[in-house]
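Asker: All chains should be built: construct the whole structure from the sequences, respecting the hints.
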Amino acid sequence: MARRLEMIFTNAAGRRSTISVDNAREDITQQEVQAVMDEVVNGGIFSTSGGDIVAVNSARIVATEITEIPVE
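The numbering of the sequence shown is this note's numbering, which starts it at 864 and goes up by one.
By construction, these hints were calculated from the structure, which means they are not laboratory data. We put the CB at the ideal spot given by N, CA and C, even for glycine. Some hints could be false.
Unchecked claim - Ranges of calculated distance between the beta carbons of each label pair, as one might list FRET restraints:
(1) G877 with V899: 41 to 49 Å
(2) E935 with G907: 18 to 26 Å
(3) A898 with E928: 27 to 35 Å
(4) P933 with Q897: 40 to 48 Å
(5) Q894 with R867: 29 to 37 Å
(6) V899 with V934: 37 to 45 Å
(7) E902 with P933: 40 to 48 Å
(8) V925 with V904: 35 to 43 Å
Answerer: See the structure below:
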């Protein structure tokens with residue numbers, strides 16, 4: 864099962880902006896995610912079409928299960 868970490872921020876325009884990381888570790892902690900998200904906000908690392916990222920909104924793990932269906 865594929866796991867993707869989605870970190871959702873608020874930009875200067877008040878809109879949500881998402882940074883996704885594929886293959887998230889099974890044992891990732893809330894503290895690790897919070898620290899990275901705080902660094903993104905405080906470091907001014909990313910800018911969006913709505914301006915700089917200014918606040919942490921939320922985070923989630925999205926798990927995707929793919930089942931192949933054989934066809935001829």
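Asker: Which of the numbered hints above does this structure break?
Answerer: 1, 2, 5 and 8
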